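Peer 1: Residue numbers (this note's numbering), protein chains in the order written: chain A, 2 to 313; chain B, 2 to 313.
In short, the hints are calculated from the structure, not lab data.
Since the structure is predicted, the reported quantities are computational estimates derived from the model, not experimental observations.
Please note: incorrect hints may appear among the correct ones.
Put simply, identical chains are the same to the list, so a pair is met inside one copy or across any two.
[What the hints assert, rightly or not] Here are the computed lysine-lysine pairs in the PhoX-like style, where the Cα-Cα straight-line distance is at most 20 angstroms:
#, residue 1, residue 2
1, 222, 288
2, 89, 134
3, 222, 310
4, 147, 193
5, 25, 89
6, 134, 256
7, 96, 71
8, 193, 256
Protein chains: 2
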Amino acid sequence: MSKLTYTIIGTGALGGFYGARLQKAGNEVHFLLNNDYTHVTQYGLTITSIDGDFSLPHLNAYNDVTKMPKTDVVILALKTTNNHLLPKILPPVLKENSVVLVFQNGISIEENIAAIIGPHRIIGGVCFLCSNKPSPGQIHHVDYKKIILGEYTSDYQPVGITDRMQQIANDFENADIPIELAEDLLFARWKKLVWNIPYNGLSVILNASTNEIMQNTNSRKLVENIMHEVLAGAKSSNRIIPDDFISYMLDYTDKMKPYRTSMKIDYDEGRPLEIEAIFGNSLNKAKSMGVHLPIIESLYQQLKFLDAKNRL
Amino acid sequence: MSKLTYTIIGTGALGGFYGARLQKAGNEVHFLLNNDYTHVTQYGLTITSIDGDFSLPHLNAYNDVTKMPKTDVVILALKTTNNHLLPKILPPVLKENSVVLVFQNGISIEENIAAIIGPHRIIGGVCFLCSNKPSPGQIHHVDYKKIILGEYTSDYQPVGITDRMQQIANDFENADIPIELAEDLLFARWKKLVWNIPYNGLSVILNASTNEIMQNTNSRKLVENIMHEVLAGAKSSNRIIPDDFISYMLDYTDKMKPYRTSMKIDYDEGRPLEIEAIFGNSLNKAKSMGVHLPIIESLYQQLKFLDAKNRL
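Please work from the sequences and hints to get the whole structure.
Peer 2: Set out below in structure tokens:
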């Protein structure tokens, strides 16, 4: 099977990591950069990783989408807070049968992207990756790396495992990235929110790491209450996450190293927070089915206040 | 009518202000102090006030309840976070027919005090006072001063306006403190919580003044949602606060000077927060009637986390 060609839209801690691994495995990869463009054209990318460090001295780097070739797979790895740029970014890099992999946080993101490029060439990716970018061209891979891939269709009707998913999964697995193929993308997205909503939200609101949140009886109970609301949200989309998934996630977090969430890192760096993708869209999805999630709504409102004040 | 004699338990920004006004009006007043005792015995109390400044160079100051005389009226003006001390403080200063005025925040406080001194000599006072104590013996009266008095009875059954309420009200009004006599103490307490719960809570959680909270659309909507839950709590006690009280309170807060709430001041000073009196007791009261208040519960849990971390 011939290898696919890849475009990375957003060469940050996530897009840079996966793109570098694909290139190292022999795939043709083209990287879109913004602030780090000059540095990376000169020095390339360096990955420090729990799996072993490596460098890519030379890569196909761009700071202008109109100069990029059209590839088989376009990996969308921008923060969702930049998605207003997509109507300009996506069309130039797509050919007729290109697939867009949406490696972004939150829920309902694919619906917005479908409005730009149509519903038939989108695959969602739920990424479990701890990484950061301490300086330009430097990516530090801390833990995990698995991706769950699922086909997007209008209304998120499951369509099962397709050939193109399988082909992309092969490339990733050759690049040492474990892939899980999901029949139901929306179910996978809701499941990830069971973790993201409480911990991303409370880490910012309470100025706390995951272990601080877990060690206090009250905030731990709050996490649990929030998780129950996420399950109610999922249920409103007819996705039934069993109750014992909550104790599993609490237990999983207890065993994690103390962790500063991605939203807390964004907040500390003064960057905009992915509140709409993670919180706003979840609330809207549940609300459209007549389900009210009062605690998540209050977290949303608190975060909107803090984010606005943080960027004054 | 002979004037009543008074004891002030807790000569802070609130107890000190009301006690000073009573003494200035000619009442016999005895003040219990703690940290400020030495300073006040030497220099007395100074009040700076929107109504005009005054000093009391000499006052009956004590730092030991067992040395205090028993008076007609005992004003309880400690923070509720010190109420574990009351079994030692109250009995020595009470005679057979002394009345205890509970000038504390929150709800259900009188029930705990009744457990110490019996239910028949308690009058609740809902104080609308903006004051602070910038240094020992110095009280700064910023705004408002009205008190709503209501008789306490077991289960908060309204008993109407009594003679002793009227007599105490006369003394306060002679001291230029406006008094409103309430037939239903619990109703007055729930009404004050419509303001205290959202603004005290969010000022700490969001590190914000009242005007910042009001100017952001999201936090303003959150305030409104919280006020609706307080109304649901009141309703669980069969106290019906009309919906338009919410727009009245929002409007009232819009017109206030930017204000740092008492809970925010306590937080900034590293003092324990009155979370149980204001939030915990409200939740318990509603819960005992089968009513769940999810947003207030999450504020409670957030505040408990922040308070614990603030005092490490």
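Peer 1: None of the hints should be skipped; say for each whether it holds.
Peer 2: Hints, one by one, checked against the model:
{"no.": "1", "hint": "222 - 288", "result": "between (24 angstroms within a copy, 17 angstroms between copies)"}
{"no.": "2", "hint": "89 - 134", "result": "neither (26 angstroms within a copy, 59 angstroms between copies)"}
{"no.": "3", "hint": "222 - 310", "result": "between (28 angstroms within a copy, 16 angstroms between copies)"}
{"no.": "4", "hint": "147 - 193", "result": "within (12 angstroms within a copy, 52 angstroms between copies)"}
{"no.": "5", "hint": "25 - 89", "result": "neither (29 angstroms within a copy, 74 angstroms between copies)"}
{"no.": "6", "hint": "134 - 256", "result": "neither (24 angstroms within a copy, 46 angstroms between copies)"}
{"no.": "7", "hint": "96 - 71", "result": "within (6 angstroms within a copy, 91 angstroms between copies)"}
{"no.": "8", "hint": "193 - 256", "result": "within (17 angstroms within a copy, 44 angstroms between copies)"}
In summary, the structure is inconsistent with hints 2, 5 and 6 from the numbered list given earlier, while agreeing with the others.
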